[in-house]
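A.B. asks: Those sequence lines, one after another, are chains A and B.
Mapping to our numbering: the first sequence position 264 is 264, numbers consecutive.
Mapping to our numbering: the second sequence position 235 is 235, numbers consecutive.
Take the hints with a grain of salt, since some may be wrong.
[Unchecked claim] Quick list of the computed label-pair ranges, beta carbon to beta carbon:
1) E158(B) / Q8(A): 45 to 55 Å
2) L85(A) / F15(B): 25 to 35 Å
3) Y147(B) / L286(A): 29 to 39 Å
[To be verified] Calculated pairs, SDA-like style, for lysine to any residue (alpha carbon to alpha carbon, straight line, at most 25 Å):
4) K220(B) / R233(B)
5) K186(A) / E268(B)
6) K186(A) / M99(B)
7) K186(A) / S112(B)
8) K172(B) / K296(A)
9) K186(A) / K220(B)
10) K59(B) / R95(A)
11) K169(B) / K296(A)
12) K186(A) / T103(B)
13) K155(B) / T173(A)
14) K234(B) / T103(B)
15) K296(A) / K59(B)
16) K106(B) / R88(A)
17) K7(B) / Y168(A)
18) K185(B) / A146(A)
19) K164(B) / Y168(A)
Derived from the structure by calculation, the hints contain no laboratory data.
Even for Gly, the Cβ is constructed at its ideal location relative to N, Cα and C.
Below are the chains, spelled out letter by letter.
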Amino acid sequence: MGSIFNLQQIINGIQIGSIYALISIGYTLVYGIIQLINFAHGDFYMVGAYAAYFAVMFSAARKEHPNVLIVLLISMTAGAIVAFLSNRIAYRPLRYKPRLSALITAIGVSMFLEYTSSAIPAIGPSYRAFPQSALIPEHTYKIGHAILSNYQIVNMSVAVVLMVVLTYIVQYTRIGMAMRASAQDKDAARLMGIDIEYIIDFTFIIGGALAGAAGLLTGITYPRINPYMGIIPGLKAFIAAVLGGIGSVPGAMLGSYILGFSEVFGMAINSILGEGIAYAILILVLIFLPQGLLGKKTGEKV
Amino acid sequence: MQNTVLKIDHVTHYFGGLRAVSDFNMELPEGAIWGLIGPNGAGKTTIFNLITGVYIPTKGKIYFRQERKFKKKSKDKNEQKGKKDSEGKKEQKEERFYMEDITRYKPHTIVSKGIARTFQNLRIFPNLTVLDNIRIAEHFRVKYGLYDAVMRNKKFKEEEEKIKEEAIKLLKLFNLHSRTYSLAKGLPYGELRRLEIARALATHPKLLLLDEPAAGMNPKETQELMDMILWIRKEFNLTIFLIEHHMKFVMGICEHIKVMDFGETIAEGTPQEVSNNPRVIEAYLGRKKYA
Ligand SMILES: Nc1ncnc2c1ncn2[C@@H]1O[C@H](COP(=O)(O)OP(=O)(O)OP(=O)(O)O)[C@@H](O)[C@H]1O
Ligand SMILES: [Mg+2]
């Protein structure tokens, strides 16, 4: 057992889990309010990674040292903007149409973002190396047999800070209260004076910003990016959201860390098993725990 | 002469091929309590949904009385000085209010104009506290901006404190203050009904729409509700329009009743007039056989 459940695996599990968590929060928030599985969400994460890439390259070209916080802000803004525009252009016109229309549109938005990015010469379809060391020079620390890099520290701490801020917004601010009310009963919320479209815009912006941040953090820790990089993490973050109970923010976080750990430990046993474990979890959850770990029973709508 | 608060003008509404409301007309006087009755599926709730902007009527218009907001008081005074004769003053007075066409407004805009409602099936936010259920209804009235909220400055804190005080005052009036911090989903049915009315009042309405407020209540609770409705009308200066199946309730509280069946208005008048109307009796008795 010692060889599988060691400190290194725990660090790796937290780190992957953190990335999934930042992405899956956006899935779960959007689903909570408009019951849309936004398949383009993984692509917001890709946009965040590219925004960070260009920001770092731009400063490097000017022989300046990029500020990590500014780059983080840029990738979050980029993620927020594509999320906002996707909602306004693609999803909002379909708001009161059958849910399947919006779902198919989400797949369309996803492909649009991926193929358009590949078609832009500055991005292109192939992998690019993320200039992580231009952003932060690497340091590694030895803790017993485990190796911890400062990239991982940045990754985990940024993720945790963002999750704390997000939780604060959702739980303790007026707009967060309006988001929760809208998720519980959209029609009643509208009839209590809440501008639901404003809340939906805000939800996309928050979700997009977190995905954008995850894009940067991925660039730092796994420094290879391409326009399709959002597909698999997006899918896995979605699985994490389902595992935690889609619509629940703490559920999305919990599901993400469980998935992250399962993958890392599974990988330690057998690399193919590790890759497949997320999908196995999805199937098991759908069969045995369709509401997820922290999900609520869906109330009937009248 | 009494002012009309709400005017519904030849409103017809279709759901696909189904005519749920046909040619509905109404001029609701300020301060009145009016009732809307009719068998199941008559189109009563649809009328509420049309007034509150959930649906836009296929045909017809809805108007709501608004007070004109004068930009500057000084300008107002000057105008009055200019028109010294009594007729001029009268004109001024009439101009203060106007009937605003709210037909195509969004629900949240209509709430901000002063129309609040409760629902036939309770629509309380179950996972918010009782206090937050009230605070949410005061949402659109907050006066601080995003900047103040982010900075958590004095303006923000004062405003939030004021809202909270107001909410707690409301909870006390409705005898719910011992539940202030409980999640709404834990409350018994009767308290949820009261909370829903309190929440509607928190939006500071001029017109309150109640959709079957006495549903599921026993005779004692129903009597208490009647007293409460009369009391809130006075206390909050309200005009009330309510839907109810409970005949004793409607007859006991409403000054004027409209009766619908299959989307048509089949009768209206005082409780006395309506209860003696043969078409009303037929609509009710005819349907009871199947109920
Ligand atoms: N969103 C909708 N889509 C389609 N049909 C609807 C919709 N809402 C209501 N209807 C139909 O319109 C008619 C009127 O419904 P409404 O809810 O207004 O009746 P009601 O008078 O309130 O009845 P009840 O006493 O049962 O509450 C019914 O036939 C109902 O099935
Ligand atoms: Mg009804």
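A.B. asks: Hint by hint, note whether the structure agrees.
C.D. replies: Going through the hints against the structure:
{"no.": "1", "hint": "E158(B) / Q8(A): 45 to 55 Å", "verdict": "52 Å, holds"}
{"no.": "2", "hint": "L85(A) / F15(B): 25 to 35 Å", "verdict": "34 Å, holds"}
{"no.": "3", "hint": "Y147(B) / L286(A): 29 to 39 Å", "verdict": "45 Å, violated"}
{"no.": "4", "hint": "K220(B) / R233(B)", "verdict": "20 Å, holds"}
{"no.": "5", "hint": "K186(A) / E268(B)", "verdict": "34 Å, violated"}
{"no.": "6", "hint": "K186(A) / M99(B)", "verdict": "29 Å, violated"}
{"no.": "7", "hint": "K186(A) / S112(B)", "verdict": "17 Å, holds"}
{"no.": "8", "hint": "K172(B) / K296(A)", "verdict": "31 Å, violated"}
{"no.": "9", "hint": "K186(A) / K220(B)", "verdict": "33 Å, violated"}
{"no.": "10", "hint": "K59(B) / R95(A)", "verdict": "23 Å, holds"}
{"no.": "11", "hint": "K169(B) / K296(A)", "verdict": "32 Å, violated"}
{"no.": "12", "hint": "K186(A) / T103(B)", "verdict": "21 Å, holds"}
{"no.": "13", "hint": "K155(B) / T173(A)", "verdict": "15 Å, holds"}
{"no.": "14", "hint": "K234(B) / T103(B)", "verdict": "28 Å, violated"}
{"no.": "15", "hint": "K296(A) / K59(B)", "verdict": "40 Å, violated"}
{"no.": "16", "hint": "K106(B) / R88(A)", "verdict": "18 Å, holds"}
{"no.": "17", "hint": "K7(B) / Y168(A)", "verdict": "44 Å, violated"}
{"no.": "18", "hint": "K185(B) / A146(A)", "verdict": "48 Å, violated"}
{"no.": "19", "hint": "K164(B) / Y168(A)", "verdict": "19 Å, holds"}
Of the numbered hints given earlier, the model fails hints 3, 5, 6, 8, 9, 11, 14, 15, 17, 18; all others are met.
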